[in-house]
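Novice: Each chain, letter by letter, is given below.
2 protein chains.
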Amino acid sequence: MSNWEAFLKNYINSEKLGVFFDFSEIGFSDEFFESMSAKVRDAYGNMAALESGATANVDENRQVGHYWLRNPNIAPTPELQEVIQSTISHILNFARDVHSGNVRGPRGVFKNLLCIGIGGSALGPQLINSSLGDHPKMKPYFIDNTDPDGIDRTLGNIELEDTLVIVTSKSGSTPEPRNGMLEIMNRFESEGLSFQRQAVAVTSMGSKLHNQATSEGWIKTFPMFDWIGGRTSITSAVGLLPGALIGVDILEFLSGAREMDSWTRMRSENNPAMRLALAWYKATEGHGKKDMVLIPYKDSLADFPKYLQQLIMESLGKEKSLNGEIVNQGISVYGNKGSTDQHSYIQQLRDGINNFFATIIEVLQCRDGKSLEVEKSITTGDYLHGFSMGTERALSANNRLTLVISLRKFNAFSLGLLIALYERTVGFYASFLGINAYHQPGVEAGKKAAAEVLALQKSILEFLRKNKNKLFHLEEISAQLGSSTDKKLTFKILEQLSHNGRSIERVAESDAIENITYKFIE
Amino acid sequence: MSNWEAFLKNYINSEKLGVFFDFSEIGFSDEFFESMSAKVRDAYGNMAALESGATANVDENRQVGHYWLRNPNIAPTPELQEVIQSTISHILNFARDVHSGNVRGPRGVFKNLLCIGIGGSALGPQLINSSLGDHPKMKPYFIDNTDPDGIDRTLGNIELEDTLVIVTSKSGSTPEPRNGMLEIMNRFESEGLSFQRQAVAVTSMGSKLHNQATSEGWIKTFPMFDWIGGRTSITSAVGLLPGALIGVDILEFLSGAREMDSWTRMRSENNPAMRLALAWYKATEGHGKKDMVLIPYKDSLADFPKYLQQLIMESLGKEKSLNGEIVNQGISVYGNKGSTDQHSYIQQLRDGINNFFATIIEVLQCRDGKSLEVEKSITTGDYLHGFSMGTERALSANNRLTLVISLRKFNAFSLGLLIALYERTVGFYASFLGINAYHQPGVEAGKKAAAEVLALQKSILEFLRKNKNKLFHLEEISAQLGSSTDKKLTFKILEQLSHNGRSIERVAESDAIENITYKFIE
Numbered sequence: 371m372s373n374w375e376a377f378l379k380n381y382i383n384s385e386k387l388g389v390f391f392d393f394s395e396i397g398f399s400d401e402f403f404e405s406m407s408a409k410v411r412d413a414y415g416n417m418a419a420l421e422s423g424a425t426a427n428v429d430e431n432r433q434v435g436h437y438w439l440r441n442p443n444i445a446p447t448p449e450l451q452e453v454i455q456s457t458i459s460h461i462l463n464f465a466r467d468v469h470s471g472n473v474r475g476p477r478g479v480f481k482n483l484l485c486i487g488i489g490g491s492a493l494g495p496q497l498i499n500s501s502l503g504d505h506p507k508m509k510p511y512f513i514d515n516t517d518p519d520g521i522d523r524t525l526g527n528i529e530l531e532d533t534l535v536i537v538t539s540k541s542g543s544t545p546e547p548r549n550g551m552l553e554i555m556n557r558f559e560s561e562g563l564s565f566q567r568q569a570v571a572v573t574s575m576g577s578k579l580h581n582q583a584t585s586e587g588w589i590k591t592f593p594m595f596d597w598i599g600g601r602t603s604i605t606s607a608v609g610l611l612p613g614a615l616i617g618v619d620i621l622e623f624l625s626g627a628r629e630m631d632s633w634t635r636m637r638s639e640n641n642p643a644m645r646l647a648l649a650w651y652k653a654t655e656g657h658g659k660k661d662m663v664l665i666p667y668k669d670s671l672a673d674f675p676k677y678l679q680q681l682i683m684e685s686l687g688k689e690k691s692l693n694g695e696i697v698n699q700g701i702s703v704y705g706n707k708g709s710t711d712q713h714s715y716i717q718q719l720r721d722g723i724n725n726f727f728a729t730i731i732e733v734l735q736c737r738d739g740k741s742l743e744v745e746k747s748i749t750t751g752d753y754l755h756g757f758s759m760g761t762e763r764a765l766s767a768n769n770r771l772t773l774v775i776s777l778r779k780f781n782a783f784s785l786g787l788l789i790a791l792y793e794r795t796v797g798f799y800a801s802f803l804g805i806n807a808y809h810q811p812g813v814e815a816g817k818k819a820a821a822e823v824l825a826l827q828k829s830i831l832e833f834l835r836k837n838k839n840k841l842f843h844l845e846e847i848s849a850q851l852g853s854s855t856d857k858k859l860t861f862k863i864l865e866q867l868s869h870n871g872r873s874i875e876r877v878a879e880s881d882a883i884e885n886i887t888y889k890f891i892e
Numbered sequence: 371m372s373n374w375e376a377f378l379k380n381y382i383n384s385e386k387l388g389v390f391f392d393f394s395e396i397g398f399s400d401e402f403f404e405s406m407s408a409k410v411r412d413a414y415g416n417m418a419a420l421e422s423g424a425t426a427n428v429d430e431n432r433q434v435g436h437y438w439l440r441n442p443n444i445a446p447t448p449e450l451q452e453v454i455q456s457t458i459s460h461i462l463n464f465a466r467d468v469h470s471g472n473v474r475g476p477r478g479v480f481k482n483l484l485c486i487g488i489g490g491s492a493l494g495p496q497l498i499n500s501s502l503g504d505h506p507k508m509k510p511y512f513i514d515n516t517d518p519d520g521i522d523r524t525l526g527n528i529e530l531e532d533t534l535v536i537v538t539s540k541s542g543s544t545p546e547p548r549n550g551m552l553e554i555m556n557r558f559e560s561e562g563l564s565f566q567r568q569a570v571a572v573t574s575m576g577s578k579l580h581n582q583a584t585s586e587g588w589i590k591t592f593p594m595f596d597w598i599g600g601r602t603s604i605t606s607a608v609g610l611l612p613g614a615l616i617g618v619d620i621l622e623f624l625s626g627a628r629e630m631d632s633w634t635r636m637r638s639e640n641n642p643a644m645r646l647a648l649a650w651y652k653a654t655e656g657h658g659k660k661d662m663v664l665i666p667y668k669d670s671l672a673d674f675p676k677y678l679q680q681l682i683m684e685s686l687g688k689e690k691s692l693n694g695e696i697v698n699q700g701i702s703v704y705g706n707k708g709s710t711d712q713h714s715y716i717q718q719l720r721d722g723i724n725n726f727f728a729t730i731i732e733v734l735q736c737r738d739g740k741s742l743e744v745e746k747s748i749t750t751g752d753y754l755h756g757f758s759m760g761t762e763r764a765l766s767a768n769n770r771l772t773l774v775i776s777l778r779k780f781n782a783f784s785l786g787l788l789i790a791l792y793e794r795t796v797g798f799y800a801s802f803l804g805i806n807a808y809h810q811p812g813v814e815a816g817k818k819a820a821a822e823v824l825a826l827q828k829s830i831l832e833f834l835r836k837n838k839n840k841l842f843h844l845e846e847i848s849a850q851l852g853s854s855t856d857k858k859l860t861f862k863i864l865e866q867l868s869h870n871g872r873s874i875e876r877v878a879e880s881d882a883i884e885n886i887t888y889k890f891i892e
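Residue numbers (the numbering used here), protein chains in the order written: chain A, 371 to 892; chain B, 371 to 892.
Everything labelled a hint here was simulated from the structure, so no lab data went into it.
Warning: the hint list may mix true and false statements.
It does not matter which identical chain is used: a pair holds within one copy or between any two.
Result set (DSS-like, lysine-lysine): computed pairs, CA atoms no more than 30 angstroms apart in a straight line [as the list claims (entries may be wrong)]:
hint, residue 1, residue 2
1, K659, K836
2, K481, K817
3, K590, K481
4, K740, K509
5, K740, K507
6, K690, K481
7, K409, K818
8, K659, K578
9, K578, K379
10, K379, K507
11, K590, K578
12, K828, K386
13, K386, K779
14, K836, K817
15, K509, K481
16, K690, K652
17, K828, K740
18, K509, K386
19, K507, K779
20, K840, K409
21, K509, K818
22, K836, K690
23, K481, K507
24, K746, K578
Since this is a predicted model, take the numbers as computed values, not measurements.
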């Protein structure tokens, strides 16, 4: 087969939606499609069941409803249809009120938007902002961690008086947004401002956060649903509310997602999400044997690889299959943007270890308006396209697998297309693997381990406080806490406590651990 | 060996520098160290030769001098010592002049700093800014790509009148910064401003850019040297100039790097860079068999993994060994920051495919000043530490390899420590592999392929222009260009040209490629 025939056979496009896929360098064969046909059939079946309201997240006994968010008509009950539709209306009305000053701060129209949230509650809003927030109606800031320094840095740049705060936490009990919220409330209080008159919550009905927001009289709350996971929440209030507030056309965004949903629902050879899932399977042998490198040649998509890193790795990185077998699945995902990354790690991609497949995302229309020619008949944008096509060719020439997604132009609609494309692909691929793409049991292990650390820290602090002004070596403290205590952890906690003004004086006579002493002082 | 004994045996620390390493979960054994002893000896020898001026970058016939930058005394000639020292003085004086208004813009003191550069010329300044630029003396902006949209977005937010521009390009001929510069010069002209009175260059003596800056009378030029690679240029004028201008204490930064250099130059079991290089070798079996995941638990280090992605992958990702054997080496590197990433891909790290080793970077002092307690005796910072220690434990418990680097506090000095640590580690590790860490032959392939794309684009445009107002199908254009022309590439170029106002009218009657027509119109 010639290069051109291979291209025609592996080209999937929609003139209507303005999106074009080239899978010709993945190495598909008729035998491969044949061998996958049962898996493909099952994946369509599983997806249809999911969309019609099956308990697709079996481990957590939940429905999976992100496709309903852009097309409420397909939600399985009238109640769900109504709450999805009314949430969108509430968001649009609220954004209008904030922009017009109907909802306002203590000295007028809100100028800043401070988003507190982690995981999907940060990555979704951050992606919408970095990709579409060129001329934001409000200046957005993010607190997406429990780093005190980071909080101080962010707050160092904001006038709180002019700031509307969104606290996003589905359960309302995740420590990072809870801590961020408490730090911010404290700052509001110390500046004599009323937090509840400048705050809205996005959370589940009945959560701790919901109860707090309601009882304290916050401006408003917007719903999260137990049938939406954090990593697929960008088309829920989690992404739409900050999007609308900074001025993004969220209806266009939803429309792009809805159009891609319609396309990728079809049992067809030209279903781009199914073809993409098959490409992942082919490239990684269905066992994550190659990393996925994502290179969007567009500055506004620079955060998209990080967004997909969560969507893909948290969905696919699973220990067990739905049957309970140990499978240790996943695909590692990384990337930033081209052509910038050509001057970073593409040296390795081209010449080094062949442990990846690359997805190049390009946007045909390079800018609004005409471009300067930097050489005769060549613009800055021609260079960008030249580099993306050149990279694809240079990689393919060295037997590195590549695929290309092209968008006619980049805007809210096409971001919606991309989001829905990858959500569907993840769902299909998880079906191929026979895993649950919608839970995250491994996240609990880290939380539990952290709780153990904090519990030991309390014991250490209590012991030292009780024996204040006395000098102790690690050995002594550790012995006092009992033989089952982890000495290494005790040491690390002591080191941390004594560098943070927690009334613990530390003297290190040398680099040797046995010579360090700790003392609680008042 | 108990957990505690293993810890003591694998703990490397310096109270003086405030940096602490825990290699106890890497699984080192005496046998492993034994097996590596000849490689270790050679690596020290190679490094000593490099530092004393050997042609360590053999393929490009160049010296490798980034260690001299922080300690001019060890540079091999008095001339080099002098130029390094005087460059630092010139940078400090220039920054003082800009801040005081001695060097000023058309309406007063420069408020903005626009940095044009790609690769190391972007990642270094960006890292310095994002990690240390809390309260910048000038507001920095970056153009690190040839994306017209991205340039428009950046310029949309800047008052050029108040802007000092740095163009950084070692050779002066890399297309991305050249294009960025031309776009910016065009904007200056259209606003009636004089570019050369607001621009400085960082480039090699005698480069095209150097000649341009000199002949046009730009404010000043600062030198790049052929013995400095882009990915190790952060302690040269490339990083120091923007650092000093935004107000970073560059002498402290250099001091941290110099101190780490002194430590990691020593042939000692307690050399942290050698131990880190051994950890990479152990974890990846010397063949990149595991990815390196970097998780700094500190917002200000969020860009550090991206910086290291370049330093490590571009240095180690090589096709051939120094002997000319095909080795296809490298280590894939990714990561953002903790605890944020715990809500992203750590699900996969803990439960999924075991294809990585994790480096956790933590900072003991969590903030300046006291912290709010978010629970009894627990602060926001305790949570951050709890999560980092918890993640290490949760990963180790599942047989995922981890190592931990702790800094007493984060500042310019400790960023210098980290940079020098990783530069040295890369050098040692490359010596283990027998590869040249200091060239990037694979980058040329992409550039060459891009040049071919642009050449074909010119031919296509010329043909259509010559036959203006005539309709053509792809088949016809392709046939006209000759049988050796790549039809797929021709199609992709036509698609791009016809979406960018390049006088090409495109009509697509359906989704089928054979029905698309193109026409050059005036």
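Novice: None of the hints should be skipped; say for each whether it holds.
Specialist: Results of checking the hints against the structure:
no.	hint	in the structure
1	K659 to K836	neither (54 angstroms within a copy, 50 angstroms between copies)
2	K481 to K817	neither (36 angstroms within a copy, 44 angstroms between copies)
3	K590 to K481	within (18 angstroms within a copy, 39 angstroms between copies)
4	K740 to K509	both (29 angstroms within a copy, 29 angstroms between copies)
5	K740 to K507	within (26 angstroms within a copy, 35 angstroms between copies)
6	K690 to K481	neither (47 angstroms within a copy, 55 angstroms between copies)
7	K409 to K818	neither (36 angstroms within a copy, 41 angstroms between copies)
8	K659 to K578	neither (42 angstroms within a copy, 45 angstroms between copies)
9	K578 to K379	neither (54 angstroms within a copy, 46 angstroms between copies)
10	K379 to K507	neither (45 angstroms within a copy, 56 angstroms between copies)
11	K590 to K578	within (15 angstroms within a copy, 59 angstroms between copies)
12	K828 to K386	between (61 angstroms within a copy, 29 angstroms between copies)
13	K386 to K779	within (12 angstroms within a copy, 55 angstroms between copies)
14	K836 to K817	within (29 angstroms within a copy, 67 angstroms between copies)
15	K509 to K481	both (6 angstroms within a copy, 20 angstroms between copies)
16	K690 to K652	both (21 angstroms within a copy, 28 angstroms between copies)
17	K828 to K740	between (63 angstroms within a copy, 18 angstroms between copies)
18	K509 to K386	neither (34 angstroms within a copy, 42 angstroms between copies)
19	K507 to K779	within (22 angstroms within a copy, 37 angstroms between copies)
20	K840 to K409	neither (67 angstroms within a copy, 48 angstroms between copies)
21	K509 to K818	neither (36 angstroms within a copy, 42 angstroms between copies)
22	K836 to K690	neither (46 angstroms within a copy, 63 angstroms between copies)
23	K481 to K507	both (8 angstroms within a copy, 23 angstroms between copies)
24	K746 to K578	between (63 angstroms within a copy, 19 angstroms between copies)
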